[in-house]
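A.B. asks: Residues per chain, in single letters:
4 protein chains.
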Amino acid sequence: MGIRTVLIGAGGGSSYFLVGLERLKSREVPPVGIPLAGLLRAHRPEDINVVAVYDVDNSKVGRDMYSIASKLVPASNIPRSLKDIVVSRGLHCGSLGGLNVDATGLEDVIGSPERAFEEFVNQLAKLRPDVIVNVITTEPMRFVDSEGELVRLAPQCALGATLAYAYAAAEYSTKTGNPVAFINLTPPATANSPGVVSAFERAGALVMGDDAATGATPLTADLLEHMAERGRRVLSIAQFNIGGNSDFLSLTEPERNHSKEVTKSSMVSDILGYDAPHYIKPTGYLEPLGDRKFVAMHIEYESFGGFRDEVIVNARINDKSNLAGLMASAIPVAKSLLERGVRGTYATANRFYMKMPGPRGSKNISKIVAYQDLLRELKKLDII
Amino acid sequence: MGIRTVLIGAGGGSSYFLVGLERLKSREVPPVGIPLAGLLRAHRPEDINVVAVYDVDNSKVGRDMYSIASKLVPASNIPRSLKDIVVSRGLHCGSLGGLNVDATGLEDVIGSPERAFEEFVNQLAKLRPDVIVNVITTEPMRFVDSEGELVRLAPQCALGATLAYAYAAAEYSTKTGNPVAFINLTPPATANSPGVVSAFERAGALVMGDDAATGATPLTADLLEHMAERGRRVLSIAQFNIGGNSDFLSLTEPERNHSKEVTKSSMVSDILGYDAPHYIKPTGYLEPLGDRKFVAMHIEYESFGGFRDEVIVNARINDKSNLAGLMASAIPVAKSLLERGVRGTYATANRFYMKMPGPRGSKNISKIVAYQDLLRELKKLDII
Amino acid sequence: MGIRTVLIGAGGGSSYFLVGLERLKSREVPPVGIPLAGLLRAHRPEDINVVAVYDVDNSKVGRDMYSIASKLVPASNIPRSLKDIVVSRGLHCGSLGGLNVDATGLEDVIGSPERAFEEFVNQLAKLRPDVIVNVITTEPMRFVDSEGELVRLAPQCALGATLAYAYAAAEYSTKTGNPVAFINLTPPATANSPGVVSAFERAGALVMGDDAATGATPLTADLLEHMAERGRRVLSIAQFNIGGNSDFLSLTEPERNHSKEVTKSSMVSDILGYDAPHYIKPTGYLEPLGDRKFVAMHIEYESFGGFRDEVIVNARINDKSNLAGLMASAIPVAKSLLERGVRGTYATANRFYMKMPGPRGSKNISKIVAYQDLLRELKKLDII
Amino acid sequence: MGIRTVLIGAGGGSSYFLVGLERLKSREVPPVGIPLAGLLRAHRPEDINVVAVYDVDNSKVGRDMYSIASKLVPASNIPRSLKDIVVSRGLHCGSLGGLNVDATGLEDVIGSPERAFEEFVNQLAKLRPDVIVNVITTEPMRFVDSEGELVRLAPQCALGATLAYAYAAAEYSTKTGNPVAFINLTPPATANSPGVVSAFERAGALVMGDDAATGATPLTADLLEHMAERGRRVLSIAQFNIGGNSDFLSLTEPERNHSKEVTKSSMVSDILGYDAPHYIKPTGYLEPLGDRKFVAMHIEYESFGGFRDEVIVNARINDKSNLAGLMASAIPVAKSLLERGVRGTYATANRFYMKMPGPRGSKNISKIVAYQDLLRELKKLDII
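Protein chains in written order, with the working numbering: chain Y, -4 to 379; chain P, -4 to 379; chain D, -4 to 379; chain Z, -4 to 379.
Rather than coming from a laboratory, the hints here were simulated on the basis of the structure. One or more of the hints may lead you astray.
Since the list can't tell identical chains apart, any single copy or any two copies may satisfy a pair.
Straight line, CA to CA, 27 Å or less: simulated DSS-like cross-link-like pairs of lysine-lysine [said to hold, decoys possible]: (1) Lys121 with Lys375; (2) Lys66 with Lys20; (3) Lys374 with Lys358; (4) Lys358 with Lys170; (5) Lys20 with Lys121; (6) Lys170 with Lys20; (7) Lys78 with Lys374; (8) Lys375 with Lys358; (9) Lys121 with Lys66; (10) Lys66 with Lys78; (11) Lys121 with Lys374; (12) Lys20 with Lys276; (13) Lys66 with Lys375; (14) Lys276 with Lys358; (15) Lys374 with Lys170; (16) Lys374 with Lys66; (17) Lys358 with Lys66; (18) Lys78 with Lys375.
Put together the whole structure using the sequences plus the hints.
C.D. replies: Here you go:
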């Protein structure tokens, strides 16, 4: 009966994911763009079964994913099976504040955050998900040091939506005894918050995060590793990103942008071993670029004997297609890890899938190195 | 007394290497651009002691490396200590044929290839090198299947200069009992020729090769690994290189160019697992670019759901500085491997340092993966 | 009743042109990509009426342009009106030699080049074209100094297909008294051959050529003008082109490639005033790129005070769409010029539309300058 | 005795200019990077004679240009003749506010803006300049509608430094009867302010401005012209700039950045004829890039038949060397224009030299077109 999966956020990521997943299941497309796809043995991408999608945008709640995906995915032939997935109302917790979206959370309907939180946990108990994936709009960054803080503040919506959902997942696990995996593909700290990780450990559940390693950042990580291994001294790194979807629009809000900047910048000193001067930020919004953002990167470095070389990278990258492919890989991996008894969080997987891999203090290694480590560990765990 | 080293070829590679090495020894420059530099414990780059440089170009033989490097290295302050290194006459074996260079080999002076070969081995016996590094101008590709073929043809100059030098190194080892490492940084197959590897095994010596992994090829390898790990389907790869030094001039000869093309192309199918359509070749000669070649690369690929993305890389890369940095790393590594008893060839190191890693049949893995493997093995061997 | 137009060559250029033209006429698409489109008053792109298409490829002759365009134009909705245009057999004159195409010319069917030539002129006399556009596969370069040479050799097929077609056009004009414009969008010298120009003058006809200014060459011309006007000293220019259509395949033949190289290289010294070192060539064939070739260009230059700057341009350019847009502009311009009495050739238009503008000796000025000159002259002639 | 010239601003622009000018005069370097250099007949770049440099930065006032240029120009051999040029104290008018520079204006020393203004005019009267060039740090944008406003507010420092200097230049001209040319190479509106232009007309003087067309903006203008002439429909334009000098540091101040954005954006609709979606801004500060900023540009457009193409430009551009080259051209041109009786402002020259050419309402045409117009007019005026 597959991997029961709940998606939080009915935006581009979920839409691309659902369209691709349906096509994959009907063998219309091969499993391209899914890390580990050919190797996974315990559970495979085709086994994913999406049982619910939550959102708070009133133009989405109550509508089916066929009509939503038709607007967000630039493809003909949106699978009609998506008509069966209707978006449910989730928790808002102010997560769309300032973004000019007409949003109503369960807490607005019910009149109390705590009771909305309880209601959401109850809904999960009925849906019995194995995996919950959070792909809501980027919220401002937040860390939770202690489990007490999480327990007290999350149900009041005082930590934002992502942390409310994460804690609800842990509560659902505790309450039902079903071990769940919560995969946070957005910046707020879940796997990076000690308080969250210990809540998941106690609940016998798994949290993976934070912030999906999509776009140009994984490429930058691997380029920096390449430089570092050759002993080159990186003198400067400039990276620009500009795109035309609502992600870029929302990043014109400084707090959200800062959130993204933090998850990207730690890698420079982590990989190179020194903090090379760098400018790495989402830069702007330009509507016609759509989901296929334009990336420009410039790296200048010193090689043997004091000579200077330069590498420039330009790319058109569809972040949403990337994100969807990571989802299709991370969901069966998470389910498999749960079955092998992994609890709390799992750094080895986070380091490959995430821009800011938890737990806190994890070094941000290059993606190729992270992948090789993940291969070795998944083999040991008999997952691939 | 350091690592006694003989360089074959008094061109740009040796010049950049000697200039950088002297500056490194005098602490004028830090050990930038040398893979593993900070980790090597058994022997370090600074321990390299160049005892001879061989060439056959009459404008170089008999001259000192100060005057040669002054022409080839675009830097002020060429170290005056290079005046002490005078270029000796080596074996020609037709290696510069067709290149408009006035060249005279030992065989021309002595009047017999076999006696010239013997003379060269005798000179090595006096020089007592630990490591011999071959960086002569690219010759047409050649493989040697059996040791018998090597023993019979190499001393007659019938296999070209690189294979003559390689066999001379093995003979020197046999004759003197000094284990030597021959590092071939050019395309002709030494570590990739079963006949050569077995000759080195028998001589108790080590051969590393072939064709130094400089320029854009290692970067391409790592980019392809990056794509492969994300499950992307690479649709096409175009890579152009244009430069202004004698390497590019010599590659306008189709046979030499083909030699380079072979060492570059195997990596596509080796890393991706399928032979993505590609065009990867040195493209042209443009004098003002000098050693800092211009590279342009275009990769188009399919990601999850059938969407197409593109990555374009442009770079200015000084091949000679790159090559010199690899030499500064490979020489102490080779000496350390000899001391740990490694004989024949050593795939793990070849895979990192070379474009066409021997022994024959070795898969051309990405450089980051090769480096991680090398790290692990050098640690086990107590070299780093 | 429009501008009666004959197309020579039923390849990508004609296919893109016919598809776009039909859509333009049915107002499905706006007149985008057509130089001067909004300004032309005497005759407009929509007035073009294609009365015949000629080719010698047996897989095309006798078939309709709907089925041909369906293979060559990557678009859905090929206009069904193209079913009415059936490809006629033209002159071969060996133009596809060596290209692995099954080709039969009128001369093969009739058994004599001279009679085939006569037959072709007769067909033109029936078709009564105003404009004939030559877009056949690139032939090796050829110049014709005297009219006598043209008259003697062209009908024997001894000058290749382009010059045979050009002379046939002049003959048709002489014979019928209908002034015709022959627009040669391929490299062989028509407007650049004094012998051809004088034949057209005598026939009261107009020849425009040679080699359509599509792709990256016009952009390079304008970039060089930009540099020149700023007084910069260009140190080197490298330009690579790689594509996946039959043009690039045919250019792997050295003679055809040379033909392209010639038309591109004169612009460097013409625009800069000195022959800056350059490498500008079609570089390779890579099938998945299709008509959208990849271009990489590197320009290094010196600015005030001896500082060095660099500009790198990368592009994906659909040559066929470009070519089709130029056709849609040049045809009404040519018809209008004829009506204003212009005979022989017309340098001002050639300089804008062509890579190698005739008549021989014309300076290859930048495209922006050429366009401004053309604007002024067309205004004087009351064409715009 | 040359063209008596006063420079306002002792920063990078003036330093590069003075270094290059001295080398040009001593024939150490050819007149590279100077528009029109080889054509100018009336006055030439070598005729420029800098009689004073003004600044308000206390680390510069009272020091010689040799010591200042030694810090700002990355070249060996700064001409020692620059020791003779000592920086004088100019008007501050708050122009460096918020920039963490220790600045003292004449008004601070004297205790009154009006008297400082008067004193500055008196100093000009003694210096007798033919040309005054303003290259101070970018101030927030400001326009002056009426001459009355200028006369009232400029001497009070209420319009910022640039407008105070401009009006002082006009006053100097009125007072002495020497016609002066004031060339404003920064954003505040001088030639774009009707009030300023009429003041210059009345004074019998000439104002040229505003904001020097350096960097990537002229290139963008010419690329857009190229697109427009081909009838292409530009879908989006993204342009990023990042550099490491004080210009980029000062642009991290939003008001100053906005000032730059305004001068860059008008060109899109002026050249294309419609406001294509665009993002064109100085983007960030990255110290190691120095004066050689990195530029990345992406243009996507539609060509004939609805096909989409893309052009990407990457560049390393030394703005300061560019600016200095423009100064070396504009100064003799301005002097020649004065001698030919040109008064007020001169749109034809502004359109080539400036990003925001005055007078107000001037269309921002492409640089190549502007240059061709300028050529024609300067020929008519017998200047070239």
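A.B. asks: Against this structure, judge whether each hint is valid.
C.D. replies: Evaluation of the provided hints:
1. Lys121 with Lys375: neither (34 Å within a copy, 53 Å between copies)
2. Lys66 with Lys20: within (22 Å within a copy, 31 Å between copies)
3. Lys374 with Lys358: both (22 Å within a copy, 21 Å between copies)
4. Lys358 with Lys170: Neither. Shortest intra-copy (34 Å) and inter-copy (51 Å) distances fail the 27 Å Cα cut-off.
5. Lys20 with Lys121: Close inside one copy (25 Å), not across copies (60 Å); limit 27 Å.
6. Lys170 with Lys20: neither (32 Å within a copy, 67 Å between copies)
7. Lys78 with Lys374: For Lys78 and Lys374, the Cα distance exceeds 27 Å both inside one copy (38 Å) and across copies (57 Å).
8. Lys375 with Lys358: both (22 Å within a copy, 24 Å between copies)
9. Lys121 with Lys66: The answer is neither: 30 Å in one copy and 54 Å across copies each exceed 27 Å.
10. Lys66 with Lys78: within (14 Å within a copy, 35 Å between copies)
11. Lys121 with Lys374: Answer is neither; intra-copy 34 Å and inter-copy 53 Å both fail.
12. Lys20 with Lys276: neither (36 Å within a copy, 40 Å between copies)
13. Lys66 with Lys375: Answer is neither; intra-copy 43 Å and inter-copy 51 Å both fail.
14. Lys276 with Lys358: Classified as within: same-chain Cα gap 20 Å, cross-chain 34 Å, threshold 27 Å.
15. Lys374 with Lys170: neither (32 Å within a copy, 48 Å between copies)
16. Lys374 with Lys66: neither (40 Å within a copy, 47 Å between copies)
17. Lys358 with Lys66: neither (39 Å within a copy, 39 Å between copies)
18. Lys78 with Lys375: neither (40 Å within a copy, 58 Å between copies)
Of the numbered hints stated above, those contradicted by the structure are hints 1, 4, 6, 7, 9, 11, 12, 13, 15, 16, 17 and 18, listed in ascending order.
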